Amino acid sequence: MAQTAARPRRGGGIRRGEARAGVLFVAPAVLLTVVFLVLPIALALWVSLSDWNGFQSPLNPRVNFVGLENYAAVTTDEGLAQQNFGTAVRNNLYYVLFVVPLQTIIALLLAVQVNRAMLRGRGFFRTAFYFPSVTSTVAIVIVFQFLFTASGAINAVIGFFGGEGPNWLNDSTGIFHGLLSTVGVTEPSAALAADGPLGVSWWQWLAGPSVAMSSLIMLSIFTTSGTFMLLFLAGLQNIGAEIDEATRMDGAGPVRKFFSVTLPMLRPTLFTVLTLGLIGSWQVFDQIYVLGGGTAGGTINTPAFLSYRTSFVDLAWGQGAAIAFILFVFIILLTLLQRWILRERTPRAFRRRDPQPTAAADAQRATEGGVR
Amino acid sequence: MLIGSSGDAETQAVQAAADAWGEETGNTVEVIAASDLVQQLGQGFSGNNPPDIFYMPWDQFQSYAAQGFLEPYASELSNAGDFLPALVEQFTYEDEFYCAPKDFSTLGLQINTEAWEAAGLTDADVPTDWDQLATVAQTLTTDEQVGLSFGREYARLGVFMNQAGGALVDGDTATADAAENVEGVEYVQSLIEAGSLKFPQDLEAGWGGEAFGLGKAAMVIEGPWINGAMENDFPERQFISTELPAGPGGPSTYAFSNCWGMPVGSETKDATIDLIEFLTSDEQQLAFADAFGVIPSTESGSAAYAEQFPENAAFVAGVDYAASPVAFQGAAPVFADFNTQLEQVGSADAATLLDALQGNLQSALDAANG
Chain A
1 MAQTAARPRR GGGIRRGEAR AGVLFVAPAV LLTVVFLVLP IALALWVSLS
51 DWNGFQSPLN PRVNFVGLEN YAAVTTDEGL AQQNFGTAVR NNLYYVLFVV
101 PLQTIIALLL AVQVNRAMLR GRGFFRTAFY FPSVTSTVAI VIVFQFLFTA
151 SGAINAVIGF FGGEGPNWLN DSTGIFHGLL STVGVTEPSA ALAADGPLGV
201 SWWQWLAGPS VAMSSLIMLS IFTTSGTFML LFLAGLQNIG AEIDEATRMD
251 GAGPVRKFFS VTLPMLRPTL FTVLTLGLIG SWQVFDQIYV LGGGTAGGTI
301 NTPAFLSYRT SFVDLAWGQG AAIAFILFVF IILLTLLQRW ILRERTPRAF
351 RRRDPQPTAA ADAQRATEGG VR
Chain B
1 MLIGSSGDAE TQAVQAAADA WGEETGNTVE VIAASDLVQQ LGQGFSGNNP
51 PDIFYMPWDQ FQSYAAQGFL EPYASELSNA GDFLPALVEQ FTYEDEFYCA
101 PKDFSTLGLQ INTEAWEAAG LTDADVPTDW DQLATVAQTL TTDEQVGLSF
151 GREYARLGVF MNQAGGALVD GDTATADAAE NVEGVEYVQS LIEAGSLKFP
201 QDLEAGWGGE AFGLGKAAMV IEGPWINGAM ENDFPERQFI STELPAGPGG
251 PSTYAFSNCW GMPVGSETKD ATIDLIEFLT SDEQQLAFAD AFGVIPSTES
301 GSAAYAEQFP ENAAFVAGVD YAASPVAFQG AAPVFADFNT QLEQVGSADA
351 ATLLDALQGN LQSALDAANG
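Line by line, the protein sequences give chains A and B.
So the first sequence is numbered by the working numbering: it starts at 1 and just counts up by one.
So the second sequence is numbered by the working numbering: it starts at 1 and just counts up by one.
Honestly, the hints are just simulated from the structure, not real lab data.
Values in this document were obtained by computation on a predicted structure and should not be read as measured data.
In this text, a Cβ means the ideal position worked out from N, Cα and C, and glycines have one as well.
Worth double-checking, as some hints may not be accurate.
Pairwise CB distance ranges (calculated) [stated by the list, open to error]:
hint: 1; chain 1: A; residue 1: Asp51; chain 2: B; residue 2: Ser35; range: 28 to 34 Å
hint: 2; chain 1: A; residue 1: Asn64; chain 2: B; residue 2: Ala20; range: 29 to 35 Å
hint: 3; chain 1: A; residue 1: Leu31; chain 2: B; residue 2: Glu30; range: 55 to 61 Å
hint: 4; chain 1: A; residue 1: Asp51; chain 2: B; residue 2: Glu30; range: 29 to 35 Å
hint: 5; chain 1: B; residue 1: Gln138; chain 2: A; residue 2: Glu164; range: 19 to 25 Å
hint: 6; chain 1: A; residue 1: Phe271; chain 2: B; residue 2: Gly7; range: 49 to 55 Å
hint: 7; chain 1: B; residue 1: Gly68; chain 2: A; residue 2: Ala42; range: 40 to 46 Å
Calculated pairs, SDA-like style, for lysine to any residue (alpha carbon to alpha carbon, straight line, at most 20 Å) [unchecked claim]:
hint: 8; chain 1: B; residue 1: Lys216; chain 2: A; residue 2: Leu278
hint: 9; chain 1: B; residue 1: Lys216; chain 2: B; residue 2: Gly206
hint: 10; chain 1: B; residue 1: Lys216; chain 2: A; residue 2: Ala193
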């Protein structure tokens with residue numbers, strides 16, 4: 001009721017002109033968004049549908065509309081462009097599969113640890129864990145390059161324990177292939193050797209991240225966990241002390257409390273972290289760029305880097321833009337999928353999975369509104 | 001002016017030349033050393049703000065010319081007739097001579113004289129054929145150093161294919177899977193297997209010259225640019241450059257050149273042409289040669305160079321039988337892919353490796369010929 005009363009009415013009265021003022025106030029923001037976001041995206045969409053070669057404006061009259069040709073070149077037309085795209089998608093897929101769950105779990109664990117009231121020097125740990133996120137990725141990649149060279153610190157440690165480390169950033173062996181070769185499987189079966197999607201054989205799809213990509217996965221987890229730890233920390237501090245108390249009264253141990261109370265209450269944060277992680281890891285670019293993208297037999301190439309390379313180096317701007325848009329659609333679809341998986345379950349469904357509703361679950365339901 | 005510099009020596013020399021010309025003519029030239037030449041060029045052209053004059057790399061020239069980015073000014077130069085015919089051909093697209101070759105480099109074999117003597121080798125052992133190369137590379141390989149190193153890329157490995165008598169392209173047909181090419185790759189593989197050849201990546205060096213300077217490789221295959229690099233980064237390194245050993249198909253090396261590119265419809269065309277005439281004069285090219293070791297692109301200049309720098313005579317001698325690396329429009333991604341495939345060159349089957357190249361090369365050729 002109060003809301004209806006507050007709604008500005010058109011026409012006279014004390015609120016006359018408010019709408020116009022509102023438009024005026026948002027105009028700069030809208031203008032900036034249109035000029036720097038909407039127009040470039042529209043232009044890129046046009047480029048992806050045209051044969052623009054990178055000379056002068058994409059809107060000059062010599063540029064022709066070619067329909068979905070650029071999209072077909074990387075998806076359905078057999079050839080190098082398709083293979084490169086397929087390999088890049090494969091690489092990135094493994095990157096996401098490893099990075100997103102690991103960084104989320106590590107960030108959550110770190111957050112729970114630095115949130116404990118009993119921990120001494122909490123400030124120090126929070127800063128220490130967050131520090132890699134503040135440093136530029138490029139700087140960290142260069143440090144990692146030194147760590148991971150054949151005679152670098154990592155291999156020195158492995159050597160100390162009597163092992164022999166690989167030439168990390170140049171090793172293109174997929175880790176699944178590597179594991180298989182330890183049990184003597186080095187050749188694909190006929191079915192796996194056949195061409196799979198995007199011109200890449202099934203055997204190659206199943207190769208796993210290469211050793212070089214694995215180092216990048218470690219690097220990425222190292223840099224992003226701190227950021228997400230901070231998000232989880234904020235989420236954890238939203239859980240009031242009274243809930244802690246209630247769970248303790250109900251006799252729940254720390255593990256039970258974590259899984260039955262803390263984790264469900266962190267679901268909104270979890271959603272944010274997973275979404276940001278998913279988007280970020282599909283767009284991974286700077287690490288690859290610093291390493292040159294061509295090392296390790298093309299196993300660290302990603303669609304984002306391929307898009308850049310196709311445009312700026314090979315001057316196939318339309319194809320580069322097409323890759324970018326495919327990536328865009330892909331990210332949207334995956335985010336929707338993830339949203340659907342993490343959707344709010346009805347209390348009934350919730351109870352069915354957990355036949356004995358505990359006080360903790362009740363407490364969770366009671367405070368749900370407040371948290372969100 | 002946008003240049004892709006090989007190092008400080010080159011940047012300073014070009015800056016000095018540009019300043020000298022500017023003083024003479026009253027123009028100002030800002031020399032920018034690109035961190036990534038090809039990317040910055042692409043950016044300049046798409047933003048409709050290309051540099052007035054720039055280094056045009058040999059492997060991108062055909063693409064740029066085919067896309068209509070370049071002004072075909074070269075025949076208007078007063079010294080247009082002085083350039084080496086092979087270079088004129090390299091920078092000609094559809095019968096039009098586009099841009100003036102900046103300078104010229106061939107590949108040679110660099111030998112670390114200290115390691116050479118330590119291994120008990122003499123002048124008589126300087127390899128002139130594949131067998132001798134394999135032998136000395138083996139002799140020079142110790143725990144600390146590998147006998148031979150060169151970049152893991154088409155622009156080095158291709159030389160071995162040519163030395164075996166092969167070629168990648170014959171007119172409109174790709175011939176990458178020819179038996180001679182397989183022989184070339186297999187020879188390189190035999191060196192890898194013997195442990196006497198390692199690529200710079202495996203020696204923790206960015207390129208062959210670095211591996212050489214660090215003393216991790218006793219011999220490398222690089223061009224005259226290695227002189228400038230050694231002087232700057234490893235002044236202690238004593239070495240000689242010799243011609244590449246010949247293969248069963250005869251001697252072969254690659255000739256690389258950049259040219260002075262000018263964007264199509266340049267507003268400063270007249271001044272730029274004047275500057276390019278200045279930069280490609282024998283006198284100026286010999287100054288560049290002195291500063292960073294490249295060979296002048298003109299007939300008279302390269303002759304004078306051979307006399308003036310006897311230690312680089314091997315590079316000039318290579319001019320006689322040098323081939324230009326394959327670089328037609330659309331070839332760059334094919335060779336980028338081939339270079340990544342070469343990471344497995346140690347373990348891969350040579351014929352399989354070249355089969356893949358053959359397929360990609362043929363479709364790129366078909367695309368280029370419309």
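**OP:** Take the C-beta atom of Asp51(A) and the C-beta atom of Glu30(B), compute their distance, and say whether it sits inside 29 to 35 Å.
**Re:** holds, 34 Å
Subject >> Hint check for Ala42(A) and Gly68(B) - Cβ pair distance inside 40 to 46 Å >> reply: Violated: the Cβ-Cβ distance is about 26 Å, outside 40 to 46 Å.
Original post:
Is the Cα-Cα distance between Lys216(B) and Leu278(A) 20 Å or less?
Top reply: violated, 43 Å
**OP:** Starting from the hint 29 to 35 Å, judge whether the C-beta atoms of Asn64(A) and Ala20(B) obey it.
**Re:** violated, 46 Å
**OP:** With 55 to 61 Å as the target window, see if Leu31(A) and Glu30(B) comply at their CB atoms.
**Re:** violated, 34 Å
Original post:
Using the C-beta atoms of Gln138(B) and Glu164(A), is the stated range 19 to 25 Å upheld?
Top reply: The hinted range 19 to 25 Å holds for Gln138(B) and Glu164(A), with Cβ atoms some 24 Å apart.
Original post:
Regarding the pair Lys216(B) and Ala193(A), is the alpha-carbon distance no greater than 20 Å?
Top reply: Cα-Cα ~39 Å, so violated.
**OP:** May I ask you to test the hint 28 to 34 Å on the CB atoms belonging to Asp51(A) and Ser35(B)?
**Re:** Taking Cβ atoms as reference, Asp51(A) and Ser35(B) lie about 29 Å apart, which means the hint holds.
**OP:** Verify the proposed pairing of Lys216(B) with Gly206(B), using a straight-line Cα cut of 20 Å.
**Re:** Holds, at roughly 12 Å.
**OP:** With respect to the beta-carbon atoms only, verify the hint that Phe271(A) and Gly7(B) lie 49 to 55 Å apart.
**Re:** About 51 Å separates the Cβ atoms of Phe271(A) and Gly7(B), which means 49 to 55 Å holds.
The structure shown violates the earlier hints numbered 2, 3, 7, 8, 10.
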